[in-house]
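Whole structure, please, built from the sequences with the hints as guidance.
So the protein lines, in turn, are chains A and B. The working numbering numbers the first residue of the first sequence as 470 and each following residue consecutively. The working numbering numbers the first residue of the second sequence as 1208 and each following residue consecutively.
Hints should not be assumed to be uniformly reliable.
[Claimed, not checked] Derived CB-CB ranges, DEER-like: (1) B:Pro1382 - A:Arg579: 52 to 60 Å; (2) A:Thr478 - B:Gly1518: 15 to 23 Å; (3) B:Glu1221 - A:Ile503: 30 to 38 Å; (4) B:Ala1453 - A:Asp572: 22 to 30 Å; (5) B:Arg1210 - A:Gly544: 51 to 59 Å; (6) A:Arg586 - B:Ile1276: 51 to 59 Å.
[To be verified] Here are some chain A residues pointing at chain B (derived, C-beta under 8 Å): (7) Arg472; (8) Ala533; (9) Arg539; (10) Leu578.
Calculated directly from the structure, the hints in this document are not laboratory data. All residues carry an ideal CB built from backbone N, CA and C; glycine is no exception.
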Amino acid sequence: MTRPVPVPTSLSREFWAAAAEGRLAIPECDDCGIRFFVPEPACPGCLSRSWHYAPSAGTGTVYAVTVVHRVPGPGFEVPFALAVIDLDDGATLLSHVVDCPVDDVVIGLRVRADFRRLTDEITLPYFVRC
Amino acid sequence: MNRQPVIVGVHATEQARALPHRTPMDLALEAVTGAIADAGLRPSDVDGAQLDWPGPGGVPGEGSSWARIFGRDLRWTSDAMLDNAGSRGLLKAAAAIGCGFADTVVVGGCKLATRDQGEGPIGAGVPLEFTDVWGSYVVAQFALVASRHMHEFGTTPEQLATVAATIRGNGTTNPEAVMFGKGPYTVADVLASRLVATPFHLLDCCIVGEGGAALVVTTAERARDLPHVPVAVLGGGMEYHQAAYANPALFREVGMLGQDAATRAFGMAGITPADIDVFSLYDPNSFEIIRQLEALGVCAQGEGGPLVESGAIGLDGKHPVNPDGGCLAYAWNGTQQMTLKVVEAVRQLRGSAVHQIDGAELAAVGNAGSGAQHYEMSLLGRL
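Okay, structure coming up:
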């Protein structure tokens, strides 16, 4: 069994298409200019229905982290560092910080996106230390 | 006519890690008929059903299924499981009664997360595109908030463990509790248990089990000739930050979630957090009690850790929390654990609780969830 595979929606199709090409794309409002994540039917800043995916540099800082020791389901190997990352250019993402000991992943750690393929359709934005 | 909403009946079924000999419908029926009997009423006296209907029979999930077996048409119903439990269910019933849409509403039932989701950690219950793929289940979501609180205020694992040891201790001496006879637990025991998701050890996290619960709400007028001392809904408030788990709970957004609900509730009741004799609060993990004591205004933000370390939440402390053992040791059973929080508060105010707080006259009930992205609280008092 594998871990749960995201099913793209009309809101997220472009996010996953960009990720498959190794690019991080984040919703940006055409009217008030804020970036937000996850994608919503309208901007959380001003309720505008006009927004687009803007490229993100993919660098950011760990805002919160938990090292998960109990296997949360099929397809996961523990321990892993589940982290909330504040992107430098706006919006906040949930991801894993990988390629370092889990205990090194602390609040304030500088990280950058690093893409790993999950299925033919889905490539995931992981994060690694800068 | 005095339409002040009051609780006149409560019932908690047996609670256990698993009840293979019971069905959800069987547990719901026991909870509902038990609460109606406790109120000294008959099913045909009930004109509102905010109740789970697990089926088989009727239409699963449709509250009006109860009308047929109550033997009368209903004036108020609910099809949403979170509206059928705890403070949220109670406040919606109280609103209906206060407005005159119904006179006597039963809230509760049985909705078992364990049987819906099978093995493995409890998740959100619906597929979440940007959450499930990261293995971000319920315990981990709360852990992300706790870790940031510890970072900002120096809250310690020992302070978290103090919450767990205290509330678990209450449950191990409560014969109705799933963990009855298992304790006592020390802070060291909690810290020595295996890690689930940092900072939470196994004993920092609530148990998972099965069971049902229900309560009957009516008017103060109707309660006059019923057997129990009525417990009045003095105030309440609800607060919703965003939908459950679609985004991670961020400490900077939800650290004080519940403050607005509490301010509204205490203002409505004309009392302060210092007046509360007993707290019945959502305890999916040890940290959530520290956060709620801060959000409810029992102490300032950041002071929850030292407050619990001082012994304040114990049975003989200044702010007793979850004398029944809470979700950490009494029962967590899906959504109806929220109703169990009200049941314990009512028993405390009736003077009939297992671990009775002497002279309890005012109780605060807090339900929350999703990390916590929602909060529902009610303030109860002997009429």
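request  = List, from low to high, the hint numbers that the structure doesn't satisfy.
outcome  = As far as the earlier hints go, 2, 3 and 10 are violated by this structure, in ascending order.
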